[in-house]
Amino acid sequence: VAGDGLDKCAWSKFCTISEELNKVQGNAAESLQAFNTIRVKNKQTQLRLQIYATEAQDDTARTKAATLALWLSRKADAATTAGLTTASKKAINGVAAALYAKGRVDELLELMAQTKSSSHGCLVNGDSGSGNPVAKTHGKIGDTECSLTRKAPAPTYSELTILTPQGFSEEPLPTEAGSTKQTSTKACNFLTLSGTGFGKTAQQDAATVYYGGGIFSGARGDSRLTGAKLTTLATEHDASARTWKDAAAGANEIKNVNSAEYDNATLTTDADSDLKAAVAYIALNKETAPDSETKPQLDQLFSKPLNTAISKFIEEVEAHEITSGALEMKAATPLGKINDVQKLTALLLRATIASTKEKIDLATELKNRATSQQKKSTDEKEKECNTKKGDACTGDCEWDKEKETCKPKEKGEQANQETGAKDGKTTNATGSNSFVINKAPILLAFLLF
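If you're matching positions, the sequence shown starts at 1 in UniProt numbering and goes up one per residue.
Do not rely on the hints blindly, as some may be mistaken.
What the hints assert, rightly or not - Calculated cross-link-like contacts (lysine-lysine; reagent style BS3-like; alpha-carbon spacing at most 25 Å):
id, residue 1, residue 2
1, 389, 401
2, 330, 255
3, 41, 401
4, 337, 312
5, 388, 357
6, 375, 389
7, 357, 376
8, 343, 43
9, 343, 357
10, 401, 388
11, 343, 381
12, 151, 90
13, 255, 151
It is worth saying that the hints were derived from the structure and are not from the lab.
Whole structure, please, built from the sequences with the hints as guidance.
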């Protein structure tokens, strides 16, 4: 019994399922690649912002750029972590479940396609009692695409047509036992559960045999096949169809993997936790800060709506030009046109080195000027004292008996130095002029000329 050939409307759906499951591997790869795409995009923008922060002539612009750079760095790290952990687990599980289920149905179809003679067979190329048995040739069973092989992953995401969030979109075989979608005039020895099958008698003792990982079953006591409830896999428990439930769930998990939340383009009118953390670090110089502190700072840095203001600022940064000659660039190039992460990193390092050199040069210049001014003051005072004679050599001057000349008082000079040290008014350029040094990119040309 249970040895009738399957109509095309039944077995062809198994072929569709097999071909569809080939897409899951490519979809998983594409979903994971999306995380890397966002990571690279965030990294590019982060580096552009850092470069801009070293060259901007305005305090607020520098703070905005640095804040957003840290924000995107955090989002890039989060995308990497998610891609390597949560998303990759879902992808691996989904692909494994899909290929396992595919292997089960592929093996079933391979055996059924080979169980064929001139007048009988398991797969009939027709419906409702019409048609003849058909075998597999050149990746097809009859005229139906049915390669029964694992194909190379597609380069782009491909929507599944037979898998839905609930399960499969249709049942290949009726879920109630019956002879529907079977051709009684065509014998299928592979499905024969009693009597003669493959030249044997009394083949097995089990009351029910499950085929293709439980995609359908046959009862030994009659000729009626029963299909698994594939359209309700997500809501109904069917232990015999667990292979197909796992395959459907895995494929849909891959579809629902969401990398967009790590993209700066998805920022709403409210700041996310990463942006608030960046504000605390950069603008407030704190490891953490409550919303009561970060929100006013954000309002000060960016107008409303926040996402629009940030997008506009990033556009301004990307329009900022790097002068020709940098890294052998033949013309001034907007930052937004430089996409290579290594080149952007090199530009950032060069900009940082140049900015540091400007500060050092400025500090040296200020120190030299202070020394020169001090020497000039001493020389002028000495000339002033030298002109005084006798009783006129008073005040800050004193008479040198040995040289018989009026000179500046050494004691008075020392007292002045001590007084200056006590009230913090020293001539150390890196102390009293730290503000100027920190503004080196803006003030260097003015101070030196």
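Hint check:
no. : hint      : in the structure
1   : 389 x 401 : holds, 12 Å
2   : 330 x 255 : violated, 45 Å
3   : 41 x 401  : violated, 79 Å
4   : 337 x 312 : holds, 16 Å
5   : 388 x 357 : violated, 47 Å
6   : 375 x 389 : holds, 24 Å
7   : 357 x 376 : violated, 28 Å
8   : 343 x 43  : holds, 12 Å
9   : 343 x 357 : holds, 21 Å
10  : 401 x 388 : holds, 14 Å
11  : 343 x 381 : violated, 57 Å
12  : 151 x 90  : holds, 21 Å
13  : 255 x 151 : holds, 19 Å
The structure fails to meet hints 2, 3, 5, 7, 11 from the earlier list, while all remaining hints are met.
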